[in-house]
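Engineer: Residue numbers (numbering that gives the first Met the number 0), protein chains in the order written: chain A, 0 to 202; chain B, 0 to 146; chain C, 0 to 365.
Keep in mind that the hints were calculated from the coordinates and are not lab data.
Predicted model, so just to flag it, every value in this text is computed and none were measured.
Be a bit skeptical, because a hint or two may be false.
Unchecked claim - Taking CB as the label site, the calculated pair distances span:
1) Lys236(C) to Pro167(A): 43 to 49 Å
2) Asp131(A) to Lys236(C): 20 to 26 Å
3) Glu140(C) to Glu104(B): 42 to 48 Å
4) Val334(C) to Ser24(A): 28 to 34 Å
5) Asp74(A) to Ile11(C): 46 to 52 Å
6) Arg165(A) to Glu341(C): 18 to 24 Å
Claimed, not checked - Under 7 Å between C-beta atoms, here's a sample of chain A residues computed to sit facing chain C:
7) Leu54
8) Asp56
9) His77
Claimed, not checked - Here are a few chain C residues that face chain A, going by a calculated C-beta distance under 7 Å:
10) Arg86
11) Ala147
12) Lys236
Idealized CB from N, CA, C, for every residue including glycine.
Below, each chain spelled out in residue letters.
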Amino acid sequence: MLWPALTDPVHDSQRLFRQILQAMSEPGTLHELCAPCPPRDASIGPALWGALLTLCDLDTQLWIDPALDSPELRDALHFHTGCRLTQDATLADFALVTPDTLAREIDFAIGNDSYPDRGTTLLVAVEYLSDDGPWQFSGPGIETQRCLGVGNAHALMSRLSVNRSRFPCGLDAILACGTRLAAIPRSTRIVNRQQEDRACMSQ
Amino acid sequence: MTRPHRQRVLALTPRERLEAGWASLDIRENHRCVRGPQTGMAMVRGRMGGTGNAFNLGEMTLTRASVVLDDGTVGSGLLGHGWVSGRDHRHAELIAMIDACAQHERFRERIDELIASLYSERQAREQQNSREVAATRVDFFTLVRGE
Amino acid sequence: MYVAVKGGEQAIANAHRLLADRRRGEREQAELSVEQIGGQLRLAVDRVMSEASLYDPELAALALKQASGDLVEAVFLLRAYRTTLPRLAVSEPLDTGTMRIERRISAAYKDIPGGQVLGPTYDYTHRLLDFMQLAEGETPEPARADAALARCPQILDLLNAEGLIEREHDDGSEPADITRDPPDYPVDRAARLQMLARGDEGYLLALGYSTQRGYGRNHPFAGEIRLGHVDVEIHVKEWDETICIGEIALSECQMINQFGGSREVAPQFTRGYGLAFGHNERKTLAMALVDRALRAEELGEPISGPAQQAEFVLAHADSVEASGFVSHLKLPHYVDFQSELELLRRLRKAHGNARGSGDAAMEDAV
């Protein structure tokens with residue numbers, strides 16, 4: 000029952016937090032995280048494990064999709080972060096999910112007008128992450144536009160693209176694959192280039 | 000001897016005393032920390048009226064450590080944990096190391112003897128203190144009223 | 000209005016050096032150690048811990064040394080340090096019934112199990128300056144009874160066979176935490192007690208005093224006051240057990256107050272509660288009085304005194320907040336003041352013109 004964690008918890012988590020902050024402030028940019036290997040039976044990569052170790056503590060509630068849940072992950076999370084696990088997604092500060100999770104009708108917290116910060120931050124394990132793909136972002140933190148490929152993640156991206164209609168409430172997302180991480184905050188406008196192209200052609 | 004009892008005695012023993020007691024056992028096991036030692040806080044709760052609903056009184060400093068013994072021959076992989084009020088990393092690490100060692104049959108008896116003697120030292124101190132306080136107990140007496 | 004002002008860097012650096020020099024005092028004198036402060040000024044240390052809302056005697060003593068004995072500054076220092084630490088655990092509610100007693104008295108019942116135990120108290124001292132302390136004489140050992148103290152159970156529940164005193168039950172509810180969720184008035188009793196526990200002693204004392212002088216009178220009796228040490232326990236998932244992490248010194252006051260009863264409830268004594276880190280007896284007495292005063296609405300009493308006005312009482316109880324806001328007046332408000340000056344000049348001019356033209360009109364009439 001040895002769970003790898005940050006070797007120097009204070010400085011490592013500060014370094015990782017800085018990277019996550021950078022990813023959030025420049026949506027769609029890719030960041031390589033130097034983070035420990037996740038627990039053996041967990042199907043997440045080091046970047047997501049590093050993000051969990053950095054962001055979770057005794058005061059945070061985490062919702063885990065059953066597809067990613069494992070006893071060892073739970074034990075390791077509890078041991079190192081002390082975060083509480085919740086079955087109720089509307090109470091979750093963070094949610095560990097796959098893109099498919101968003102295909103189901105799960106109500107995550109989106110905050111309210113007085114406290115928009117109380118929305119859930121999605122920590123998404125994606126199978127593919129590159130700066131070349133069909134999703135085109137614009138908005139704060141993006142000079143003109145930026146592209147991202149996230150593999151087969153339609154449910155996730157369509158859920159995030161309706162964020163704009165509820166602003167300032169909404170969901171923020173951190174996407175990770177292996178040691179790579181990118182973020183899509185609620186302020187980002189999302190367009191699918193392929194769909195647009197098809198729409199153009201059909202006209 | 001239960002783990003919580005051992006933990007309590009170790010947490011209530013001053014670190015210098017614990018250090019000396021541990022050295023006297025001459026148990027030399029290499030260990031490494033897998034969590035901490037880390038200083039943080041515990042939120043201390045009280046109860047309204049002593050027995051009612053809980054409320055948050057305030058925080059206290061708390062240090063914790065978890066270690067694993069390095070030596071393969073004593074079945075490494077068993078975790079030892081320690082928690083102690085205050086900010087003394089070494090104290091928490093010592094408690095965790097003693098907890099890890101105490102899970103091994105060949106150390107347990109010696110460790111339990113140490114715990115027992117630390118416990119009786121503490122009880123003697125408490126007894127002494129209690130006698131000093133007891134000397135300030137009021138003995139009421141009723142004055143005889145004259146006819 | 001705040002305006003960024005640059006300059007004075009050298010002056011500030013030198014002010015800090017001067018402060019350090021004045022704090023140290025005459026170099027021929029031995030320097031005060033943190034251990035000495037912890038050992039010999041322990042009531043000041045306890046007050047700092049209580050109002051900083053952080054139990055750590057060594058750090059509180061350090062804060063006192065650094066603050067040259069300024070309690071409010073020391074509270075600020077310790078409270079600021081507190082924000083740098085992560086919260087690792089939440090304790091089980093303290094069981095003050097198991098307290099290792101230093102002092103325990105009741106002003107309501109004379110004969111109580113365990114007895115009236117005076118402990119190390121300033122009560123019954125003559126408040127005459129003791130010039131022996133100037134002479135640094137030897138301090139004698141304390142007297143020792145032959146036997147240790149008998150068990151001292153909580154007496155309010157014990158002596159309440161007739162049910163004349165309100166009982167406190169645990170309904171298992173999770174208490175509010177003002178350090179996580181800012182208070183949104185009106186707040187419940189758990190939040191009130193948390194705020195009072197970190198409140199400034201002088202402020203609570205004045206408010207408690209005001210209730211005694213008739214501003215929200217509630218006829219208090221000190222049911223039980225106790226000081227001593229209590230184990231702090233946390234539940235650890237690693238073992239699925241509740242374990243002791245150490246002990247803390249505590250003061251507790253159970254106040255009994257009169258209550259006329261209502262249509263639903265027969266007349267009975269109600270309660271106010273005070274609990275504080277360390278040896279802080281006066282604070283817990285005041286806290287219990289104010290806690291009871293703030294229950295006025297719940298008990299259907301008229302709200303007539305300042306101590307019964309929850310938002311007023313609670314929003315101004317914290318010395319760090321209060322001293323911060325008052326002290327900010329020392330920051331440069333140069334531009335702010337200039338604009339006020341301008342405004343005043345214009346108003347005076349307008350005033351003068353109005354009077355001038357008024358006089359002219361009068362003259363016209365004549």
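Engineer: Any CB of chain C closer than 7 Å to the CB of Leu54(A)?
Structural biologist: With a minimum Cβ separation of about 13 Å from chain C (threshold 7 Å), the hint on Leu54(A) is violated.
Engineer: Against chain A, with CB atoms and a cut of 7 Å, does the hint on Arg86(C) hold up?
Structural biologist: With a closest approach of 5 Å, the Arg86(C) hint holds.
Engineer: Between Lys236(C) and Pro167(A), does the C-beta distance stay in 43 to 49 Å?
Structural biologist: At 36 Å between Cβs, range violated.
Engineer: Honestly, do Arg165(A) and Glu341(C) meet the 18 to 24 Å range at C-beta?
Structural biologist: Roughly 45 Å apart at Cβ, these two residues miss the hinted range, so it is violated.
Engineer: Verify the CB-CB distance for Glu140(C) and Glu104(B) against the hinted window 42 to 48 Å.
Structural biologist: holds, 46 Å
Engineer: Can we keep the Asp56(A) interface hint, with Cβ of chain C closer than 7 Å?
Structural biologist: holds, 6 Å
Engineer: At the C-beta level, are Asp131(A) and Lys236(C) separated by a distance inside 20 to 26 Å?
Structural biologist: This hint is violated: roughly 44 Å between Cβ atoms.
Engineer: Would you settle whether the hint for His77(A) is holds or violated, based on the nearest Cβ-Cβ distance to chain C being less than 7 Å?
Structural biologist: Since the shortest Cβ distance to chain C is 6 Å, the answer is holds.
Engineer: Take a look at whether the Cβ-Cβ distance between Asp74(A) and Ile11(C) falls inside 46 to 52 Å.
Structural biologist: holds, 51 Å
Engineer: Could you say whether the range 28 to 34 Å given as a hint is met by the Cβ separation of Val334(C) and Ser24(A)?
Structural biologist: 32 Å Cβ-Cβ, so the 28 to 34 Å window holds.
Engineer: Taking the closest Cβ pair, is Lys236(C) under 7 Å from chain A?
Structural biologist: holds, 6 Å
Engineer: Quick check on Ala147(C) please, does its C-beta sit within 7 Å of some C-beta on chain A?
Structural biologist: Not OK, violated: Ala147(C) not within 7 Å of chain A, min 39 Å.
In summary, the structure is inconsistent with hints 1, 2, 6, 7 and 11 from the numbered list given earlier, while agreeing with the others.
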